[in-house]
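Protein chains: 2
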Amino acid sequence: MTAPAAAAENLIELIARLAAAGRAAQRVLAGLDSQVKAAALRAAGAVLRSANGDILAANARDMTAGAAAGLSAAMLDRLRLDPARVEAMADALEQIAALPDPVGQVIDSAIAPSGLLLSRVRVPIGVIGIIYESRPNVTADAAALCLASGNAVLLRGGSEAVNSNRAIHAALSAGLVSAGVPAEVVQLVPTQDRAAVGAMLAAAGQIDLIVPRGGKSLVARIQADARVPVLAHLDGMCHTYIHSAADPEKAAAIALNAKMRRTGVCGSMETLLLDAQFPASYAVLAGLLEAGCELRGDARARALDPRILPASASDWDTEYLDAVLSVAVVDGLDAALAHIDRHSSAHTDVIVSEDAAACERFLAEVDSAIVMANASSQFADGGEFGLGAEIGIATGRLHARGPVALEGLTTYKWLVRGTGQIRP
Amino acid sequence: MTAPAAAAENLIELIARLAAAGRAAQRVLAGLDSQVKAAALRAAGAVLRSANGDILAANARDMTAGAAAGLSAAMLDRLRLDPARVEAMADALEQIAALPDPVGQVIDSAIAPSGLLLSRVRVPIGVIGIIYESRPNVTADAAALCLASGNAVLLRGGSEAVNSNRAIHAALSAGLVSAGVPAEVVQLVPTQDRAAVGAMLAAAGQIDLIVPRGGKSLVARIQADARVPVLAHLDGMCHTYIHSAADPEKAAAIALNAKMRRTGVCGSMETLLLDAQFPASYAVLAGLLEAGCELRGDARARALDPRILPASASDWDTEYLDAVLSVAVVDGLDAALAHIDRHSSAHTDVIVSEDAAACERFLAEVDSAIVMANASSQFADGGEFGLGAEIGIATGRLHARGPVALEGLTTYKWLVRGTGQIRP
Chain V
1 MTAPAAAAEN
11 LIELIARLAA
21 AGRAAQRVLA
31 GLDSQVKAAA
41 LRAAGAVLRS
51 ANGDILAANA
61 RDMTAGAAAG
71 LSAAMLDRLR
81 LDPARVEAMA
91 DALEQIAALP
101 DPVGQVIDSA
111 IAPSGLLLSR
121 VRVPIGVIGI
131 IYESRPNVTA
141 DAAALCLASG
151 NAVLLRGGSE
161 AVNSNRAIHA
171 ALSAGLVSAG
181 VPAEVVQLVP
191 TQDRAAVGAM
201 LAAAGQIDLI
211 VPRGGKSLVA
221 RIQADARVPV
231 LAHLDGMCHT
241 YIHSAADPEK
251 AAAIALNAKM
261 RRTGVCGSME
271 TLLLDAQFPA
281 SYAVLAGLLE
291 AGCELRGDAR
301 ARALDPRILP
311 ASASDWDTEY
321 LDAVLSVAVV
331 DGLDAALAHI
341 DRHSSAHTDV
351 IVSEDAAACE
361 RFLAEVDSAI
371 VMANASSQFA
381 DGGEFGLGAE
391 IGIATGRLHA
401 RGPVALEGLT
411 TYKWLVRGTG
421 QIRP
Chain F
1 MTAPAAAAEN
11 LIELIARLAA
21 AGRAAQRVLA
31 GLDSQVKAAA
41 LRAAGAVLRS
51 ANGDILAANA
61 RDMTAGAAAG
71 LSAAMLDRLR
81 LDPARVEAMA
91 DALEQIAALP
101 DPVGQVIDSA
111 IAPSGLLLSR
121 VRVPIGVIGI
131 IYESRPNVTA
141 DAAALCLASG
151 NAVLLRGGSE
161 AVNSNRAIHA
171 ALSAGLVSAG
181 VPAEVVQLVP
191 TQDRAAVGAM
201 LAAAGQIDLI
211 VPRGGKSLVA
221 RIQADARVPV
231 LAHLDGMCHT
241 YIHSAADPEK
251 AAAIALNAKM
261 RRTGVCGSME
271 TLLLDAQFPA
281 SYAVLAGLLE
291 AGCELRGDAR
301 ARALDPRILP
311 ASASDWDTEY
321 LDAVLSVAVV
331 DGLDAALAHI
341 DRHSSAHTDV
351 IVSEDAAACE
361 RFLAEVDSAI
371 VMANASSQFA
381 DGGEFGLGAE
391 IGIATGRLHA
401 RGPVALEGLT
411 TYKWLVRGTG
421 QIRP
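Chains as they are written, first to last, in this note's numbering: chain V, 1 to 424; chain F, 1 to 424.
The hints are simulated quantities; they were obtained by calculation from the structure and are not laboratory data.
Mixed in with the good hints, there may be bad ones.
One copy or any two copies: either way a pair holds, since identical chains are not told apart in the list.
Within a straight-line C-alpha distance of at most 25 angstroms, the following computed SDA-like cross-link-like pairs (lysine to any residue) qualify [claimed, not checked]:
id : residue 1 : residue 2
1  : Lys250    : Met63
2  : Lys216    : Glu249
3  : Lys216    : Arg262
4  : Lys216    : Arg227
5  : Lys216    : Ala204
6  : Lys216    : Gly70
Okay, chain V solo, but in the shape it has when bound:
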């Protein structure tokens, strides 16, 4: 065996050992009351607050190393912690502690003709792997969501945040243990060797679900390589279609908000479809241009405003995550649906119209995780959807779609209560 192969083998063993320890701890967690889990999360939040100094000192070491390594300003901002960001992490733990516990919820029940009493009851998924990049707050947020849904978690953060993550993890552990939750419910993968990620992705049967948190290249690599199921979205290629019967003021406000409120979020609009019969397209475009958005349009869009640049074929499939927007003029709802069917990443697509029938047809026919009428696509968020938090937004077709929070981190089992029935 060559040296790299031996090292990879050791990482496979390491991940197997961590996953087994997580599964054993998860079994203990599954037997704990909701109140104990909530108390553990609150205790973790309290330790996080009191360990503020240690965490900031660890983060300062990461920031120094990151600056020396030439990380971009944007990456350094994601990496940076300050007292307010630590406070926000602790707040998030308390908010998650206050959410209803999905574990044990009865989804449905029935009495079979045989007299058997059947019920489906929510149970944790098991062991969840979180693979993330430079934001240290994911360590606390993801751990809390997994714990609150009864799961064990293996956390693998970015190497640039290693000291921050260790300090946060130590605080979480101390809080959990003080409340009677096994420390192994939340484990940090103790090596920055990149092959550890490969070992996690290959750990089918040991890790039940992988959730990547980070940029497109991370998600693409994980989706390509994983043998473990992955819950994620690769792109947020979101469309807003301004129908002929749209209210002009609402249309302008929604388009501006959907693009410019925050350009870097996955729910931001990337393509604006203007109905050829909508009479106020010029005002919608002017609002975006005046807010500093670069517009790239097809020939008919460019005829509306000379400031619009020509779009290339790839623009219709480009998630800019920036103050850039592609604009096309379409002939009616059918053409809008066809464009969206061809180019959407199935994340969030929006119609703006006062015509209820047009809205309902759009809602029925667009096959995306989230389909909206008369609202900004930037509402695509677990918090806004009343989930209290989110582990991410999923664009796959199985298990959970759209914003995923506690319920999406559970599965179910069938309980069957009989009185001695045998099958004829």
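Once you've looked at the hints, dock chain F against the given chain V.
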């Protein structure tokens, strides 16, 4: 490119073309009323009945070829059709037509603080691949379940059943088209080249879900190779634990039924755990022995009856699917739970006890898709669970567990209805 590589490339293109045609047809299907889908299934059943002669003639050709190829008697029995079996296929189509349509069901809805009206609505998964072996009835059953849940299906049956499957598929197609459903909703992969299965398993993004129907080696191969999500169970390593407080008569009846009613089904008992404090173990074992079941036991079980053979270590993980049973004596509920945790395939596990607290603890702590108290594990079946039918039983932890029927062949999308909301 070598000749085999060129052929594999062509199969990848073939599967991509079939999947694309299926997806286009699925979009049409998604817009059809429940009544149209039900009428199409009834029409398919009627054509199946009237094509009885063609189907039996095609099946006779498969049977002749199978006998010449030396297929086992069991395989030939699975392959064989007769008028009653064709009638049963047509009946199944009518039963599936009568099931409630899951598509469009509102799972839940809420008003967000922003005033947005949120709802989760069931939608079809999309394009489903069914890979199966010699039973021709799967062609009709699986197609009907996929169609009734709004999905397109690619069917890849065993080569030994090729003529039967083509005749059944032709009848289904004629029925669907007569009712206005596109023929491409149900497509038979038109080649018996084994590499076509590989192309289906690799078709991530084109096929949304693979459901294997067949023996363990088929399922194992598919689980190992698939890049598309798979809904399946590999083993039905089912346990029945007779607790100290079990009713002796119920215990004997349940054990006998769980093993011997049909030994070849996935829900049949493979290991019997007898509590050391249960006073009537001898009678339970005698009933099984007298019914012709071979028993393989640990030392304490063998002390109960000299007819029990010694079990080897592998017996505790062996799904016999035959009149063979492994038997262990355990010291109480904790020991039973530990044995099941170590050896269960997470399909169906059962406790027999009149002690309600013991039953509830078993139901809570056993982490299997189906957990039963005081009933035969042979009830593990979609029909018995009131689902009307089943595409299979899943032991994975995501999307759907246990018996899977129409609901498990759907996913959901979020519909968001606003009045012009923008996000602050």
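Cross-check of the supplied hints:
1. Lys250 - Met63: Neither: 43 angstroms inside a chain and 68 angstroms across chains, both beyond 25 angstroms.
2. Lys216 - Glu249: neither (34 angstroms within a copy, 61 angstroms between copies)
3. Lys216 - Arg262: within (17 angstroms within a copy, 51 angstroms between copies)
4. Lys216 - Arg227: This pair counts as both: shortest intra-copy Cα distance 19 angstroms, inter-copy 20 angstroms.
5. Lys216 - Ala204: both (23 angstroms within a copy, 18 angstroms between copies)
6. Lys216 - Gly70: within (21 angstroms within a copy, 53 angstroms between copies)
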